[in-house]
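Number of protein chains: 2
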Amino acid sequence: MKDHKIKLGLMGMGTVGTGVIRLVGGHQEDLFKQTGVEVEIGRILVQDRNKERLISVASDLITDDPYRLLHDPDIDVIVEVMGGIEPAKSYILEALEQGKHVVTANKDLMALHGAELLKKAAEKNCDLFYEASVAGGIPILRALVEGFSSDRITKIMGIVNGTTNYILTKMSQEGASYEDVLKEAQSLGYAEADPTSDVEGLDAARKMAILSTLGFHVGMNLDEVSCKGISQVTQEDILYGQRLGYTLKLIGIAKRDDDLIEVSVQPTMLKNSHPLASVNGVFNAVYVYGEAVGETMFYGPGAGELPTATAVVSDLVTVVKNMKLGVNGRGMVAPYKEKKLKSDDEVWAKYFLRLIVEDKSGVLAQLTTKMAEEKVSLEQVIQHPTKDGKDKAELIMITHLSSKKSISHILNELEQLEFVSEIKSVYRVEGSE
Amino acid sequence: MKDHKIKLGLMGMGTVGTGVIRLVGGHQEDLFKQTGVEVEIGRILVQDRNKERLISVASDLITDDPYRLLHDPDIDVIVEVMGGIEPAKSYILEALEQGKHVVTANKDLMALHGAELLKKAAEKNCDLFYEASVAGGIPILRALVEGFSSDRITKIMGIVNGTTNYILTKMSQEGASYEDVLKEAQSLGYAEADPTSDVEGLDAARKMAILSTLGFHVGMNLDEVSCKGISQVTQEDILYGQRLGYTLKLIGIAKRDDDLIEVSVQPTMLKNSHPLASVNGVFNAVYVYGEAVGETMFYGPGAGELPTATAVVSDLVTVVKNMKLGVNGRGMVAPYKEKKLKSDDEVWAKYFLRLIVEDKSGVLAQLTTKMAEEKVSLEQVIQHPTKDGKDKAELIMITHLSSKKSISHILNELEQLEFVSEIKSVYRVEGSE
Chain A
1 MKDHKIKLGL
11 MGMGTVGTGV
21 IRLVGGHQED
31 LFKQTGVEVE
41 IGRILVQDRN
51 KERLISVASD
61 LITDDPYRLL
71 HDPDIDVIVE
81 VMGGIEPAKS
91 YILEALEQGK
101 HVVTANKDLM
111 ALHGAELLKK
121 AAEKNCDLFY
131 EASVAGGIPI
141 LRALVEGFSS
151 DRITKIMGIV
161 NGTTNYILTK
171 MSQEGASYED
181 VLKEAQSLGY
191 AEADPTSDVE
201 GLDAARKMAI
211 LSTLGFHVGM
221 NLDEVSCKGI
231 SQVTQEDILY
241 GQRLGYTLKL
251 IGIAKRDDDL
261 IEVSVQPTML
271 KNSHPLASVN
281 GVFNAVYVYG
291 EAVGETMFYG
301 PGAGELPTAT
311 AVVSDLVTVV
321 KNMKLGVNGR
331 GMVAPYKEKK
341 LKSDDEVWAK
351 YFLRLIVEDK
361 SGVLAQLTTK
371 MAEEKVSLEQ
381 VIQHPTKDGK
391 DKAELIMITH
401 LSSKKSISHI
411 LNELEQLEFV
421 SEIKSVYRVE
431 GSE
Chain B
1 MKDHKIKLGL
11 MGMGTVGTGV
21 IRLVGGHQED
31 LFKQTGVEVE
41 IGRILVQDRN
51 KERLISVASD
61 LITDDPYRLL
71 HDPDIDVIVE
81 VMGGIEPAKS
91 YILEALEQGK
101 HVVTANKDLM
111 ALHGAELLKK
121 AAEKNCDLFY
131 EASVAGGIPI
141 LRALVEGFSS
151 DRITKIMGIV
161 NGTTNYILTK
171 MSQEGASYED
181 VLKEAQSLGY
191 AEADPTSDVE
201 GLDAARKMAI
211 LSTLGFHVGM
221 NLDEVSCKGI
231 SQVTQEDILY
241 GQRLGYTLKL
251 IGIAKRDDDL
261 IEVSVQPTML
271 KNSHPLASVN
281 GVFNAVYVYG
291 EAVGETMFYG
301 PGAGELPTAT
311 AVVSDLVTVV
321 KNMKLGVNGR
331 GMVAPYKEKK
341 LKSDDEVWAK
351 YFLRLIVEDK
361 SGVLAQLTTK
371 MAEEKVSLEQ
381 VIQHPTKDGK
391 DKAELIMITH
401 LSSKKSISHI
411 LNELEQLEFV
421 SEIKSVYRVE
431 GSE
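Protein sequences appear in the order of chains A and B.
For the first sequence, the UniProt record's numbering begins at 1 and goes up steadily by one.
For the second sequence, the UniProt record's numbering begins at 1 and goes up steadily by one.
It is possible that some hints are incorrect.
Pairs involving identical chains hold if they fit within one copy or between any two copies, as the list cannot separate such chains.
Unchecked claim - Calculated lysine to any residue pairs in the SDA-like style (CA-CA distance at most 25 Å, straight line):
id, residue 1, residue 2
1, Lys-5, Val-333
2, Lys-5, Arg-330
3, Lys-5, Val-327
4, Lys-183, Ser-278
Honestly, the hints are just simulated from the structure, not real lab data.
Being a predicted model, the structure only gives us computed values, none of them experimental.
The following block holds chain A by itself, in its conformation from the complex:
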């Protein structure tokens, strides 16, 4: 910080980077009034200096040499919005090594290497903030770290991936197939050409690793988040859910019972009365349940140029305020609780099952007897002939609370039964306790 001016080094000039340039340029007066210093962009790192840009900036600001940011003593803060693991990780480590504060929107990096990066930041008395990495424009990390600092959180449920929420919303509202909506989402820019990371739930799993680390004060690793995507979801599943009063959503669930923790992402039948059930389109929302506060929900845009840039620049304001007070890197709380993960017989939920069985008398009785042996009992059952007839019936069941282990067992057992033709689908059920 020289002459009451803060210079930032911006790494990446894609969607979010462009938003940061717009906000820092356009909100000069507000930033000055709130921090007492001028904030300006000192240099911008890009891969290709000759690429056409969405916004025009002075050409001498642009470089393809990271060290013109990392080793420039005039640059106080690095804003990393390039994404991906490498070279972003090496650049951030070097920035911290050089005593520069870092703001990042990089969920992949924070989910995989957050602990290492935060440790380095603490060693160097540097700030490392990453509000934009989860649920774009929603200030949910601040809410967990500060707003609920006095409470003990027991459950976090999130719609934290806009692409999949858009696809499921369209499938629910318009009756379209997964494949058709995915194509449409790709043409609108809501889904990438290779949509795997979104539709298979990995993107949501990264965000749940970050949210559960902050919410439960444990260091949650990405590979400890069990993960299933939406590519197998069918129109039939959605319709049967609706008939029973449920909306199918890709939900990240982090749950704590005493000191035992589970974190997962999966398509989930959500009771319509749950606040998350009406979060539609590309919107994100995070539902937080605290022992003292009870039910809360935070709703907003999960992505996009300006919403994500808002989170980045708000983090930047905090960095600058901390610089003025000389307290960077000193407000962070490292995970302090021992991590105990639930085994499959400790993860309890209700389940939605859809089976095709032979349509003859006694089948339902045999089935429920089998399930009772595994201590799985039923809350609701619908049975009717399949559309194509042929002596088959479709069974839709919602179980009472069952352990994940029991459900796995019973599914194995059912597959062996001669009168069960096919197990069509299995979903976790939430919001109907």
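Could you slot chain B onto chain A? The hints should help.
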């Protein structure tokens, strides 16, 4: 702060005070891990030392002498949860004068005298936090001050009074009358014996004064918030709203167009698709629209022992962290924008009108001609005979955007018209732009 121990002086041992005692006592380990110091209750001020309490505390902690808190050098922080203007205001001023930090849940006081108290806190390098004063368990003040520090907020809409939301929800869902639901709310403890402050909108107006001050960076006075309550709301209004796709809610609206501001509280016809329309019962929610972030919403419990105490103790955690860093009273941003309030011809909205008119030909034509002269045009009209017949018709109209001044004029004009028997109701309409 002595020997790594922080002592707080608690003023008030009602609902919220009891919650604070429970949280501080029950969450010792978490508070210590997050702040690095022990936090304990040093003394509790009560009005009547002999009153029966919900929770037992050591009797030597309890006093009816405020100076045993205010002038005790061992007490670092005052937590004020007694409510009301005096003596709370004098106590807080004296606490700040003595260099003690203050956390308060007192919306009445902050709405009326917040500027004076915050000025004193800044002079004395003391923290004065009041998250609990608006929407109990929802960390909305932090979101406005920190989460959206980089953005320019243009609209805040809030369901910030649980009592009135409970009453309107019950009236909507069960068809009960205002009077019956109010009685029920009183018997359940959701409404006070004298419900005026809640049902006439004053409580919500106080919260909107606080929210708009923080959101727009201007010093908003309580008497600049125009305010109308729900005591005149009828079952007919709710039903006609539902027929047109609207839910009637008591909504606080703070809106900025360029640098012109309006803040009001009134029963409002809210389009069902708006995120606030499905916030029911005693829950609160605050909808925030920012130029960059777009639509966000924060949902949770607006009151109650533990939710409100969560906000108080989370503020306390921030105070303690600031004490450790030696930066109390230095993070606050005073209002820095010039306040320009809209006049009535600058406040634009759609309106819902319900009239009883004579049921004869040409009435609607004359009415709409009259309205067109005032530049009020109609988006929707329903006309039908009144239930009791007698040559009268009921007209339900939703206007296009009109100024508040035009609407006032036209209502005066309509009253003069011989064929208009009665103006039954007028509501602002939101969420259908």
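Verification of the supplied hints:
1. Lys-5 <-> Val-333: Classified as between; 19 Å across copies, 29 Å inside a copy.
2. Lys-5 <-> Arg-330: For Lys-5 and Arg-330, the Cα distance is within 25 Å both inside one copy (22 Å) and across copies (19 Å).
3. Lys-5 <-> Val-327: Both, since 18 Å and 21 Å are each at most 25 Å.
4. Lys-183 <-> Ser-278: within (24 Å within a copy, 32 Å between copies)
The structure fails none of the hints (numbered hints given earlier).
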